Amino acid sequence: MQNSSDMIDDGASKQGRSSVFIVSARKRKLQKISQKSGEATLLLIASFVAIVVLFIFWFVARDAIPFFRIRGFQEFFTSSEWYPADDPPRFGALAIIYGSLMVTVGSALIAVPMGILASICLSDILPFNVRQYVKPVIEMLAAIPSVAYGFFALVVFAPLLQNSGGPILMWAWWLIATPFLLLMVIVASELLTSSIAKGAMKKTAHLGLNLILGALAVLLLYFVGNHLQGLMIMSGTNALNVSIILSFMALPTIVSVSEDALQAVGRDLREGSYALGATRAETIIKTVLPAASSGILAAVILGIMRALGETMVVWMASGNSSHIPDPWFNYLESVRTLTATIAGDMGEADQVTGSARFHVLFAMGLILLVVSFVSNLISERIVVRQRKVLSGQ
Amino acid sequence: MNLGTRKLLDRSFTALGIGSIVIMGLALLVVLAPIVSKGVGALVFRETIEHRKLLSTEFHRGDARELEKEIALSNGYRQKAFDMLAVFDRELEQMPPERQEQYRESYDQVKTALRGLLGPLPGDTDPELARNRYGQTRWDKAEEKLRELLYEQKWDYSNPDVIAKPYDVSRAPGFAGTSLVRLFPYVEQNLDKMLLPEWTFYWGFITDSSIDAHFFGGIWPEIQGTLFLAIGAMLFAFPLGVIAAVYFTEYARDGFLTSMLRSANSTLAGVPSIVFGLFGLAFFINTLHVSESKSVLAGSLTLAIMILPTIIRASEEAILSVPKTYKEASLGLGSTKWNTIMTVILPAALPGILTGGVISLGRAAGETAPIIFTAAVSVGTAIGLGDVLSSPTPALSWNIYNLASEHEAAAQIRHVQYGMVLALVTVVLLLNLSAVILRARISKKLKG
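Protein sequences appear in the order of chains Y and V.
Using this note's numbering, you'd call the opening residue of the first sequence number -8 and step up by one each time.
Using this note's numbering, you'd call the opening residue of the second sequence number 12 and step up by one each time.
Everything labelled a hint here was simulated from the structure, so no lab data went into it.
None of these values were measured; they are calculated from a predicted model.
Glycine is no exception: its CB is placed at the ideal position from the N, C-alpha and C atoms.
A hint or two may mislead.
[Said to hold, decoys possible] Going by beta-carbon spacing under 7 Å, a handful of chain Y positions derived as facing chain V:
1) V40
2) V43
3) F50
4) Y74
5) L108
6) I111
7) I116
8) V125
9) A134
10) A272
11) M303
12) I333
13) L359
14) S363
[What the hints assert, rightly or not] Listed next, the in silico PhoX-like pairs over lysine-lysine satisfying Cα-Cα at most 20 Å (straight line):
15) V:K348 with Y:K27
16) V:K348 with Y:K20
17) V:K49 with V:K152
18) V:K18 with Y:K277
19) V:K80 with V:K204
20) Y:K194 with V:K18
21) V:K91 with V:K122
22) V:K348 with Y:K23
23) V:K91 with V:K80
24) V:K176 with V:K64
25) Y:K126 with V:K455
26) V:K152 with V:K64
27) Y:K18 with V:K348
The shape of chain Y in the complex, shown without the other chains (with noise of 0.2 Å):
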């Protein structure tokens, strides 16, 4: 590309007129100069993220060891006693610990099937148009603040669960339960016979394994509906309300990158699945999904890392009440959590800011902060492992 200044430069010096189009030494070696210094001011801009990621480190920690170092590490990790505020105050966090640990892992539970499948519907399934508008509901879940969420569970969800629990898990139990369990008598009978050479044997023997498996199903939905209903929930703030609203929460997220990862596997895969002959089922589960797997394998950590660090909902929801459940299952106890901790007592704690009450809040956001640190640095690589899987096939 021919440099502009030079068609005009002579021109001009035809015309015998001065060129104010020459660009002398000293002016270019200025603007280099200014270039140079305005990239390295960018450049200082742009760090500004990674130092406040230092910062954050930094000051957290700083906050946080003076706790270790006055109370050493095995009370903290090891006892359950949460009592603060006593003369001398114990510091044992290991229910606060397995507080949160139980509530992300109930949201898990809810949102990965869920949220994997409202992916796969979105990217292979759904229509476009149809898609135009399904995005922005999954949005707006994402956008209602976490303390419309923590209000939601807290006045309407908990006194819901108080009053009618049991017949609601009841409920819930039939309309999930039972399409699984059909499917499931339909696709072992049919597994079972398979062995069998077609003819009138196969036939009876199909028929009776459906009905003594569809037998078995409709017992053991009545039992679990059953006991399910006679269920006394003592109080709506519990384990089981928050991993629900979580769930719902971290779903949004496991979602969009999901399917960021399905639309990445491209269409040759897929086609070629059809072209062998698959039903669009057996392509996804059998081909799409493992090819996408680290892709929504990341997805699912940053849904969980998202569950993990909610603060107002577990707050204003999980009943505070720092003990390990009674069977450690038992969802239906009131449980509290590192951020609901951390939240809840540093309005006491402020005032001492020489105390062990103060660390120790920081020592609990310091195990928030490397856990989610390390969570993310593990998804990371998997997807750039993933990437580079992709394009080196």
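Got chain Y; can you put chain V on it based on the hints?
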């Protein structure tokens, strides 16, 4: 597996997928429906004469002469009830002490309920708290209070396996034989004439300050606080974010430094919101001392670093989606790189950048955890613009938590809580809706 089963599995898989999306849509509806319906109830409701008295006394609004006429009208009916109370008082004095004890507790409850409905009774000392100076300001709450007046709530402990169930016992038979027994049917039939309810649109809910810890009045200080915090956060984060995005897309070379910076960006995006609050407390307030204790400045700074990664990501995407031909044409005409960026690329990427900015604004407005330690207080008047550097502020997000969980009379001001939630959700969803519309227009422009 035969073809029939495979087809069945395929169909059920599709059904499962669609079912998940339907459940998400239902969940959205289930969460928003009560918030919208009851939140609107904070603005549009049947107000009683007590509310009109309140507006006239505290906010100097309303037609004074009309109000006086109404007061006279309602007093006519109230006086009969007060007379019945006076007669019963005299009867009580003449009773032997054991019979007095029998009526004492229930009578006190009756008087408390009546005070809750009509305000101070004749003979009461002037109450200190504003909430006791007026009766029920909302007709729906008045009807609930009327139930408290007419019935006493008792608990059924008979079944030891089950949580005790409440049930109501009518009070009137408890006063049979005394003059008070006529009070109950009288109040029940004439309450609407004593309170004169009328439908109203209380726009003051948005513009008034609150009176007596949100018992009366509006939520303007909270709305203003949220606006200050969110706009302040954008003032810090938007320029920084856009400039950083320009660097990442135009100037950064693929290398160790750049990938570190990108890593840092996604790390910052993943930090839990409460840790931002801890950092804001430890750094901005305890170390930098940007303000003595909580302030809008500290809160805005904390919110700014929280929304920075989102702005950077959205701006990066927007700049990358500008067709390369724009840049090449501009450079081909002899423009410098910086000039190209400022005059060609950024204006073309502006809709996308604005979309990211608007979504981040919504997020900054809705977040609570970063401002708990750095900016938010529970009660207060709306701060002036000059105080943003030094004083904390009420904010919608924090006060929703505070009113719902820590307020002394949380159950009585549910309508205020719903109103606040509606305000916050409306602001955030409107911002997000405008972002969606912006994005749709951009994709149309880029396609066509």
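Hint check, failures only: Hints 4, 24 are the ones this structure does not satisfy, whereas the remaining hints hold.
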